Structures are given as C-alpha cells and as structure tokens.
Amino acid sequence: MSELQQYPAQGLTPTPEQIQRNLRRAQAVAERATQMGHHPFGAVLVGPDQETVLMEQCNIDTVNHAESTLARMAATNYTPEYLWSCTLYTNVEPCCMCAGTAYWANIGRIVFGMTEHRLLECTGSHGENPTMSVASRYVFDHCQKAVELIGPIPEMEAEIAALQSAFWAQR
1 MSELQQYPAQ GLTPTPEQIQ RNLRRAQAVA ERATQMGHHP FGAVLVGPDQ
51 ETVLMEQCNI DTVNHAESTL ARMAATNYTP EYLWSCTLYT NVEPCCMCAG
101 TAYWANIGRI VFGMTEHRLL ECTGSHGENP TMSVASRYVF DHCQKAVELI
151 GPIPEMEAEI AALQSAFWAQ R
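Throughout the sequence shown, residue numbering follows UniProt numbering, covering 1 to 171 in sequence.
These aren't lab readings, by the way, just hints derived from the structure by calculation. What you are looking at is a predicted structure, and each value in this text was computed from that prediction instead of being measured. No residue lacks a Cβ here, since even glycine has one placed at the ideal position from N, Cα and C. Incorrect hints may appear among the rest.
Claimed, not checked - Simulated restraints on C-beta separations:
| id | residue 1 | residue 2 | range |
| --- | --- | --- | --- |
| 1 | Val63 | Ala166 | 40 to 48 Å |
| 2 | Lys145 | Ser125 | 16 to 24 Å |
| 3 | Thr79 | Glu159 | 28 to 36 Å |
| 4 | Asp49 | Thr76 | 32 to 40 Å |
| 5 | His126 | Cys96 | 12 to 20 Å |
| 6 | Gln170 | Met97 | 32 to 40 Å |
| 7 | Arg137 | Met36 | 27 to 35 Å |
| 8 | Ser125 | Thr13 | 35 to 43 Å |
| 9 | Thr13 | Gly124 | 22 to 30 Å |
| 10 | Ala169 | Thr52 | 22 to 30 Å |
| 11 | Met55 | Lys145 | 20 to 28 Å |
| 12 | Gly124 | Ala146 | 30 to 38 Å |
| 13 | Pro16 | Ala146 | 34 to 42 Å |
| 14 | Asp49 | Ser125 | 25 to 33 Å |
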C-alpha cells in the first residue's frame, strides 16, 4: 500500500466563505502577535469539518514561525491520520521550513492568503525578515504525499498586505 493510500481523504473541501473566515482568524492571530512584539504571522489549524478550530499560533521568533510551531504542537496532540484530514490556514504563504514541518506533521491541506513574493514587496530587504524565494508549491511538489495547497486568496491579499506593510514600515 502506498503512503497516499494509508490516509483518509483530506477532510471536507473548504467553501470560499470558510476559507475567508479561517484566514481572517489567522490574520487576527497575526495582529495579536504584533501586540506582543512579534512579527505579523498567524496560523490556525481547523478540523476536517472546516469549522472546528483545533489550535492557533502566532509567530514567536525567526526559527519558531507560526506555522512550524503549530505543526509541531499538532503532531504531539493528534494522530497522523487525523491531521491528514485537517487544514492549516495561514495569512502568508509558508516558508520552506514551515511547509516542510507541516508535511512531516502530516497536515493534509494548507491554505494561505498572500504569497511569499508579495510579502517581500511589503517588507523590502528588511533584516528581520530575510524572505526566501522558495515557493511552498515547490516544496510540496517534491514530497511523497500530495499535500493540497490552496492560495493565494485574492479577496484577502489587500487586508493581509496592509498589516504587513504597516508593521514593517515601523521597524
């Protein structure tokens, strides 16, 4: 049996309304991060029903990103089979570290609002956020399991970019 056949379907497919609602929640987590002095990144893990929020995480520091920290916590609290049917929502496309961590945690779907490329436009060459030009699609295309990747979400980009631009302009 192949690795892909060992896991159930990746939960219900999120509707556009669920995508926007869960991305707005990730954005709210990112805003909370800035109030704690952290960079404006947020992630939310949603159950297979696309409604139940299982956990949320803001950015901590340069090696404890919101997505990778959430994925590690999820992997210690849920089975790989269950996580394969869950969705990780994040305001900005996961970097290659976060994409890899989500993959190893066995999270079956990732939804992001704004691309890493667009983030670079918002941050410039800021020393606190040396954005990598490695798309998460590249990472997932080189994995043995077919993680579903949804994003960017055009309806969310202006809202996410506004937070990023305002934050990085003040640093």
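> Among the hints numbered above, which are violated by the structure, and what are their numbers in rising order?
Replying inline: 1, 2, 4, 6, 9, 10, 13, 14
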